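Engineer: Listed below, chain by chain, are the residues.
2 protein chains.
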Amino acid sequence: MILKRWLVGDPLKTAQAANERLSKTIALAVFSSNAISSVAYATEEILLVLILAGSAALAWSIPVSLAILFLVIVLTISYRQIIYEYPEGGGAYIVARSNLGDMPALIAAAALMIDYVLTVAVSVAAGVAAITSAVPSLYAHRATLGLTAILFIVVVNLRGVRESGKFFAIPTYSAIGALGLLVLIGTVQSLIGFVPAGLSESTPSIPAGVESLTLFLILRSFAAGCAAVTGMEVISNGVKAFRHPESKNAATTMIWMSGILASLFMGISWLAYHYGITAKEHETVVSQLARLTFGTGVVYYTIQVGTMLLLVLAANSAFAGFPHLSSILARDGFMPHQMATFGDRLVFSNGIIILGFFACLLLVLFRGDTHALIPLYAIGVFVSFTLSQAGMVRRWLIKKGHHWRKKLIVNGVGAVATGIATIIIASTKFMQGAWIVFLLVAVLIMMFRGIRSHYQAVAEQVALSRDARPPRPRRNLVLIPIGAVNKAVVRAVDYARSRGGEVRAVLIDVDKEETALVEIKWAQWGCGVPLVVLPSPYRSILRALLGYVEENLNKDPDCWITVVLPEILPARWWQNILHNQRALLLKASLLFKDRVILTDVPFHLTR
Amino acid sequence: MILKRWLVGDPLKTAQAANERLSKTIALAVFSSNAISSVAYATEEILLVLILAGSAALAWSIPVSLAILFLVIVLTISYRQIIYEYPEGGGAYIVARSNLGDMPALIAAAALMIDYVLTVAVSVAAGVAAITSAVPSLYAHRATLGLTAILFIVVVNLRGVRESGKFFAIPTYSAIGALGLLVLIGTVQSLIGFVPAGLSESTPSIPAGVESLTLFLILRSFAAGCAAVTGMEVISNGVKAFRHPESKNAATTMIWMSGILASLFMGISWLAYHYGITAKEHETVVSQLARLTFGTGVVYYTIQVGTMLLLVLAANSAFAGFPHLSSILARDGFMPHQMATFGDRLVFSNGIIILGFFACLLLVLFRGDTHALIPLYAIGVFVSFTLSQAGMVRRWLIKKGHHWRKKLIVNGVGAVATGIATIIIASTKFMQGAWIVFLLVAVLIMMFRGIRSHYQAVAEQVALSRDARPPRPRRNLVLIPIGAVNKAVVRAVDYARSRGGEVRAVLIDVDKEETALVEIKWAQWGCGVPLVVLPSPYRSILRALLGYVEENLNKDPDCWITVVLPEILPARWWQNILHNQRALLLKASLLFKDRVILTDVPFHLTR
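First to last, the sequence lines map onto chains A and B. Counting from 1, one number per residue, gives the positions in the first sequence under my numbering. Counting from 1, one number per residue, gives the positions in the second sequence under my numbering.
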């Protein structure tokens, strides 16, 4: 408990919840890192696919990047509409559920959940890659570094939303600044025709193509680059976390975020194309660009560390989204109820821990390699994009209202664009791992439905029928099984008779002498409670006791029987193997007797 | 439960216990296999040591065997006296405890316990060796065969004493018959000078010596051969299992057992010497003898299978001794109390399972190799021999009585002979593994004493002082924490008010609307029990509830508080993760509040 307090801080009152709201500046840091950080790997993933068709194909990176830029713009406008329409938070699940029904909503939820886990894994892996590009000797420790980073984020998140926000604002802005500087200086240099010193060395290393430049390959590079768009939905999920006026602030923040994302992504793609940079195994594209532009000095290291921090913060944003989505699902009965309860620090501790666990698992399974994880990534997000845009289209068609035709067209364009992107991503990545995501979506949906149908079955079983009456009072026979007369037994008797009713102590006669001794002691200590001595033909105390319980139940099937069990609780856990084996058996045997209720009266030993 | 019944049979009444007594014929099969079976490996172990000094040293196997024969005779006479003096069973622990005190008794008990485990492991390993000698292709599966054999014996023993006895009589006598035939025919052949066909082939394979023939080597071969004597104490432990007159029958059986053991052991040692047989890795000495005498035919296979069965039965005899010793120790408070209780089938199930487990462990650790286990073996038995003989010497000195001087001399000779053997065994085997046994003896003694001192501490803590009075009746406040009004809650209320006293339902107000709804429903279903609504500033139901409990405890520190918890029990175990997380936390928090008693009222779901 002390460790927990130290790690996650003190609990907060409900009244404090309003104060946990985020300013735009902090919110941009918390919510945008997911989207913006993808510039660290999106260009690289595009180049990695195109290079298969040789260096000439690299020119295609510009049109592919422009297509992705188009998606960013469409999504920004579409999502602003969602933010105003769902001020309580308009995640794909909520939008799909309120406009399209349960099944599309569950698909969106499952897809998003998987993508949250992937966001953590991919971002952390890419963040580690930023560091190992600068310090190659750390390359062998990728997985360890990744796991440490996740553990760190989990602890920070268990400490609560606002502290995390503050904690992350400075590094986020530093990283955006550093990357912005790189794009700015690099672009200016490229425009004035400045040729960096290191450029000539890297040119001859470009390999010849192994595939021909087909439409499929270009679409594949587009699909890989779509990783850049992931995270754009984060703000719409968290509108409630903004200060008043929530929707307006969120929408403004959305514009800022998209603007930063678009400039950095296009800038990096342009520079990479301009310098003819290709992806290398041990060094990221951003690292190569930074080295070319600034040399391996202070600025270079600042950019690498900043990129790493930004990616860690991207992972962090999933830690806000995942537990939030889980809690919404839990409230609708699709996830275990306990996921819906607030943790100590106004955050959803259970969700945080589960997300951390699965992200670690993924990181270990894919050995901390960004490129290996990418084929699984982005599909989930695009499925949810498409479903929420489609949901909005249906909403305008039904609800109509102010300027509904204009709004319909905006979300309609969004739905079509993201729908096409989804099909491209799914079809080009399917064999490389995307099938795993589809399988997991199906499994998750089955789980969601299974959980809900269980809760429904429970609700039906415990529901009180209108015409039923409250039960009439019944008899309650209290039995205290004893084997000796000692403080533990006297305590149990003291407890049992404090409530009146018919109380009897029960002794199983396994040894005549012992029984006689107990009877004498009982006369002094029994507090007037009658002692029933039962024969035990089978030498089994349990059997004799159960027989007596049965007998009394048969006499009056309507009565309750309370078994008050004096139990000695040792001071140390290992001493338990020296005690209570019989109590355990008794509990197990009585558990399924409908009218028998067991009460332990523990007697705590001190040594 | 059905599986258990099918495996171990129906329970028996106490009255049936007398019928579980064994006739001499059955008892010989049950108790003597341990001692007699050691002829399968004892000679081989002697030869394995002597061969280190070259083939000429093998002649020493005859005097070494004669020394062991002397031990057998001395022990037979000595143990007959113990059998008459301790008709209730005279194991080394009992004899040492009643004559020498606690510490020697615990040494004997620890030594015997370790040797029981070793008996199982060594016998099963040797039994498997008998089979792999005949079918060399099974050699690679030694460990699996051994584990299967132990599992088989465990199940048979859980079925009860008499059935095991019947089950084992036929194979024991077949095995004794087959080995007897081997010794008889072989000896006759050797006396008439018949030379078997296969003999010439094996002669040249005898290696030159690698050590010189020192006194130490001869003593080491004696120590190794002492494995032959193990198991001779088994009958004295089990006198009570014989039919009336118990001691007389047991003493007669003892003579028979020793006679058979002595003839087979000396016969095999003589034949091995006569034919110049040495130990081979993949074939036992007995197997080589049987092949030479009968060729690889039906008789040969009968001897090998018989030997194997006899060794399995030897392992079985430890399954009678170990739980018996454990239960005696448990009754004296040196082992957990539950070891003292009879199992369903009048046998001590717990001990059987523990022995099986450790024997399997040993078999796996030593990879099912008899020779690797032998250095650990026999020490424990000889320590206990010495202690029980010494105990008898002390007994005669104090008790005197009829012919006490003669009896004193018999046990005195026994004590001296076994004492010297113990010293020889311990000193020659110490570095090869015997130190493990000494270490384990020390650990076991610490465990025995730890357990007893714990039980004594418990007894002191629960003991009622003479001058104390029974407690006066107290108040009992019954609280029912509810979150909704449903069948489970109504059931808990029905139960709680069946005993009178002050009953209150407690609702934590986390949601105003929900609370209002519950209050309305309560008016109909509450059976007149008042509903207390508690605010929850920390949104933690647990915290609010604990606070209320504390508050009431502070008002009247002398009263009991009963928390009646309506608990929904799912129909399937995995559904538990969807329920009762809160109940679990509540239980954990209340466990250490001295005056708060928790009662679960389970509501069983059916689907």
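Take the hints with a grain of salt, since some may be wrong.
Pairs involving identical chains hold if they fit within one copy or between any two copies, as the list cannot separate such chains.
Said to hold, decoys possible - Below, in silico cross-link-like pairs of lysine-lysine (DSS-like), each with a Cα-Cα straight-line distance of 30 Å or less: (1) K512 <-> K487; (2) K587 <-> K400; (3) K587 <-> K555; (4) K555 <-> K487; (5) K240 <-> K512.
If you're looking for bench data, these hints aren't it; they were derived computationally from the structure. Predicted, not measured: the structure shown is a model, and the values here were computed from it.
Engineer: Each of the hints needs a verdict: does it hold here or not?
Structural biologist: Cross-check of the supplied hints:
1. Taking the shortest Cα distances, K512 and K487 sit within 30 Å of each other inside one copy (22 Å), while across copies they are farther apart (46 Å).
2. With identical chains, the CA atoms of K587 and K400 are never at most 30 Å apart, being 62 Å at best within one copy and 53 Å at best between copies.
3. In the homo-oligomer, the alpha carbons of K587 and K555 lie at most 30 Å apart inside one protomer (22 Å), although the nearest pairing across protomers, at 33 Å, exceeds that limit.
4. Taking the shortest Cα distances, K555 and K487 sit within 30 Å of each other only across copies (25 Å), while inside one copy they are farther apart (32 Å).
5. In this assembly of identical chains, K240 and K512 lie within 30 Å of each other by CA distance solely across copies; the values are 21 Å between and 73 Å within a copy.
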